[in-house]
Each structure stands twice: as structure tokens, then as C-alpha cells.
Amino acid sequence: MEFKKWHYLWILALSLTVTVYCFGPNMNARWWGVDDHEIMDFLGPAQTVKIRDIPQLLVTKTEVGQPGSNLRYRPSYYIIKLLQASFFGLEPQLWYAYNLIVSFTFFTVIFYLLMAWIGPALGTLCWIWIVSPYYWSDIFSRLGPGEIHAALGAALFSFGFYHSWNSTKHNIKVDVVWLLTVTGAIVAAGSKENFVLLLIPLLLLLYRTRKKKLLTPLRLISLGAAIMYIVGIASVVVMALVRAKHDFYANAVGPGDRLYLLLHYFTNLTEHAFLVCLTLTFSLAAYATGFFSEKFYIRPELSRLRQIFGPIFVFQCVLLSISLSQYVFYNGSWPTQMRYDFPGGMLPALGVFAIFRGTVIFFEASKRHWKYLAHFAAAILTLAVIAKEKPQRLRLAALENVQRTSVFTKSIESIRDKISGRFGVPLVFSSHSVWDYELTFSIQRFLNVYGVSNPMALELVKYKPDTFPTGSLERSLSQRLKGISEVGGSGFISSKTAKSSAPCFGVGLSGPAGKACEDLGRAW
940 MEFKKWHYLW ILALSLTVTV YCFGPNMNAR WWGVDDHEIM DFLGPAQTVK IRDIPQLLVT
1000 KTEVGQPGSN LRYRPSYYII KLLQASFFGL EPQLWYAYNL IVSFTFFTVI FYLLMAWIGP
1060 ALGTLCWIWI VSPYYWSDIF SRLGPGEIHA ALGAALFSFG FYHSWNSTKH NIKVDVVWLL
1120 TVTGAIVAAG SKENFVLLLI PLLLLLYRTR KKKLLTPLRL ISLGAAIMYI VGIASVVVMA
1180 LVRAKHDFYA NAVGPGDRLY LLLHYFTNLT EHAFLVCLTL TFSLAAYATG FFSEKFYIRP
1240 ELSRLRQIFG PIFVFQCVLL SISLSQYVFY NGSWPTQMRY DFPGGMLPAL GVFAIFRGTV
1300 IFFEASKRHW KYLAHFAAAI LTLAVIAKEK PQRLRLAALE NVQRTSVFTK SIESIRDKIS
1360 GRFGVPLVFS SHSVWDYELT FSIQRFLNVY GVSNPMALEL VKYKPDTFPT GSLERSLSQR
1420 LKGISEVGGS GFISSKTAKS SAPCFGVGLS GPAGKACEDL GRAW
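First residue of the sequence shown: 940, per this note's numbering; consecutive thereafter.
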């Protein structure tokens, strides 16, 4: 498709409007206890990260320095996050501004590619379907998910790959988009392990570029670096899985278990799986029709099917492979309407609208009324998707994020202000739920960053390891919390030591503070 000025304006205007409307409220958000404590761990009491300290922090505080010891391996994610900590510091508005820029970039690139592939009208309707699901709020209305950076990488890769694939000559512009492709692959694969499957289109791009005799030293070296980087990540993850014999969620990772899940995806025909199978079959059939029509001059006007559905089918296959990896990675509990649906959640929309586009092309010359009927049907379907997904929920989620982060940050500031000047007086956290596990360390980190150096301790209220089944996650978490409570560790002193020294301060987690100390209220 040949883009005109109004096409670019339409893409930018609609992408900006949707981004600001859905995620703009987050610019008033503050810190959240569940995800953001990792940022506090990086910042420390100094409230900053120096650029020169990033390599050391990568080695000592992230999985990057211990490949194979963790079931996750996301070097790009942590490099970007440490750079953010260095530049943004203790200003949550800057962190959310980054999210806003990434969401705008991703939505704009997807919109551009859709219009290039299936035209302005269908491209707009398909884009509306893609940006409507609720899972986008779980990505861009939070600061912790790796999907934020994976979305940025996916945008750079998709834009660069599209233009690199279609390039026919050597020039600086093509070299730039080539580097975007490589950079995007590195960022995406290093932020979310599913994206290591971008190795497949990278190898296809290498083959195509070499065949067209456009493979310059710059392109070969940069692409080779990306391929080695992705292979390295995949190797580390596989090594960790083989060693652990289970995945991040304690599921078996034997070949039989993984094969069963793959078969289950296609046999357990959910709405998502059905649409994926149907649309992939149609795209392949349309491509084959165009190919044979052009090769044997059966219906020359159908040759455009090959041009349209070639890139779409390749893109669908990439998304399908990532979708299958997500399905297997999350042990069959997918889609979830959470951030884990990215990017496979986009596949049904792309596939369905590819069918509409194929219908338009097929009848464009002879029966124009079918073209208008296809557009009308696409519009009706999009309205149905909007009614189902209720995209206004994205804005409501952002507003809810503002409220909850404001409450949490104010509770941290309140504790800091109440104990100001009373150095050495212990803080005792009273945990009423085993699920306070992450929050216990989160609040400790936040208080340290906010200038609280008082000793801290933990006591368990109304639960202990014996109350949970043997081998359960709850039992494992409560055992560690009990150990911290009784003997200290991880920056805590024992609760007995803390309460034996009068006075002490009490902070409640999932319930009220203990009665033995001066009550500072609930932090959660």
C-alpha cells in the first residue's frame, strides 16, 4: 500500500488518543508494593543508581550474573531497568512516562503495519480489536512486567523486519531499519523468554537478504550478534529447566509433558485455538491460490493474494509459535486476560481480518458489492468485540492504579514520619497471611529507601507452616517467614529480640499491628 499524508496523521492521532485516554491517568500514580520493590532494591538508601555501578548490580542483584541458577533469564530486561533507575530515580512519573511512550510506539507500529497489509479501513478495525483487551492494563499500568520492554522490542523488530524484508537496495535508510530489527529482537528476547522464537524470522531474513545479494558486513555482524544473543538466552533457560526438572511454576518439563500440552492446545478447541487454526488455514490457502494463479496464469488478478498473505502468514506463524510457547510455559492456563496473553492474544484479530482482506481482493474486480459487504461485516464484528472487551476498562484500571499506589506510598511515608528521630527503635511487622511474603520484603526495601534505618522484625499471626499441606507453595513460604521471625535474616532481627526492647513500633500486614508495640497502623 502507498501511504499518503493523511494515513500517517490518522495513525498518529488515533494511537496518541487511545494511549493517553487509556494509560494517561498513570502519570499521577506513585509506587506499588507488589512490583516496585525491585526498583527500591536497586536504588537503595542513596536513591540512585550510577551508570558505572550497573555492571556490578547486574552480577550481584539479578539473574544475569548467575546463568542457569534461575528458571528465568532476562538480561535486556534488567539492563533497561537499571538504566531507568539511573535516569528516573525515585520519580514514578518518569517511569510511567516511559510506559506511555512504549505503549504509543507499539500501538503506532502495529497500526502502521496493519494498514500496510490490509488497507486503511480494515487495518483500523483490526487495530481497534487488538488494543481493546484488558490485558494491556496489566502491562502498561504497572512498572514491573517484562512485557513492557518486550512490547518495545516487538515494535522495533516488527517495523524493521517489514522494511528489511521488502528492501531491494543498499542505502543508509535500509541499514537503519535493519539495526532496528536486530535491536528489537535483542530487547524482546532478553525481556521475555518466549521471544527467543524470533530466531526463526531472523534466520529467514538472513537467507532472503543473502539470496538478494544485499548482505553487507554491517548487516551480517549485527544479525550474527543478535542470533548468538538469543541462542545464549535459550541455552541458559534450557539448562536451568533440565537441571530443575520443573518450570518456574513447579510444573514437570519432560518431553512427554510438553508434547501433551501442545496437543491439548489443538484438541481442547477454545475460542482462541479455534480462530488460530481457522485463520492460519485460510491464510495458507489464500497464499497458495495467489502463488499458483501467478505461476500458471489461471487468474492473474488473484496474484495479489500471494503478496498480501505472504507476510501475514509469516507473522501469524511467529505469533502462533509464541502463543504455543506461552500455552506450554503457563501449563495450559492460557489465555488469562492478563499480561501473559501478550503477544499471542493478537493472533485471532489478525487472522480474522486477513480473511476479510482476502474476500475484498477476491471480489474487488468483478463483484464490488462483496467488498462493501466484507467491510460492513468487519465493522459489525469490531463493534461486537468492543462490546465484549469493554476497552474503557483500560482507563478504569489506570485510575485504580493511581488510587492504590497513592494509598501504599502514603502509608510508607506515614510510617517514616511517625518514627522520625527515633533511631534504633525496632519495627515489628505483624503478618496475618502467608501471601504477605513478597510484601514483607517490599516494605522493608521501601522504608530503607525512604530513610528508615531502624531495626525490623517479623511476627506471624494465626498461621504457621503446619497449617498448610506438605510440599505446597504456602508451606514453603511460611517456613521461610517463620525462620525470619524466630532467628532473623534477610535484613531482619528476630521478633523476640525486637519486642524485648521497649519501646517498639508495630505495623500490620493484612491485618492490625500487634499489641505489644506502639501501633503505626496497617501498611497493607
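Read the hints as simulated data drawn from the structure, not as lab findings.
Take these hints with a grain of salt, some might be off.
Cut-off 25 Å, straight-line C-alpha distance, at most; resulting in silico cross-link-like pairs (DSS-like, lysine-lysine) [to be verified]:
1. K1357 - K1329
2. K1000 - K944
3. K1438 - K1421
4. K1454 - K1421
Inset, instruction - Compare the distance between the alpha carbons of K1000 and K944 with 25 Å, and conclude whether the hinted pair is satisfied. - result: Judged against 25 Å, a Cα distance of about 48 Å means the pair is violated.
Legend entry - Satisfaction of hint between K1421 and K1454, Cα-Cα up to 25 Å: Answer holds: K1454 to K1421 is near 19 Å, not above 25 Å.
Inset, instruction - Starting from K1357, check that the Cα of K1329 is at most 25 Å away, please. - result: 43 Å, violated
Inset, instruction - For the pair we were handed, K1438 and K1421, check the Cα-Cα distance against 25 Å. - result: Status holds; Cα separation ~16 Å.
In terms of the numbered hints stated before, the structure departs from hints 1 and 2, listed from lowest to highest.
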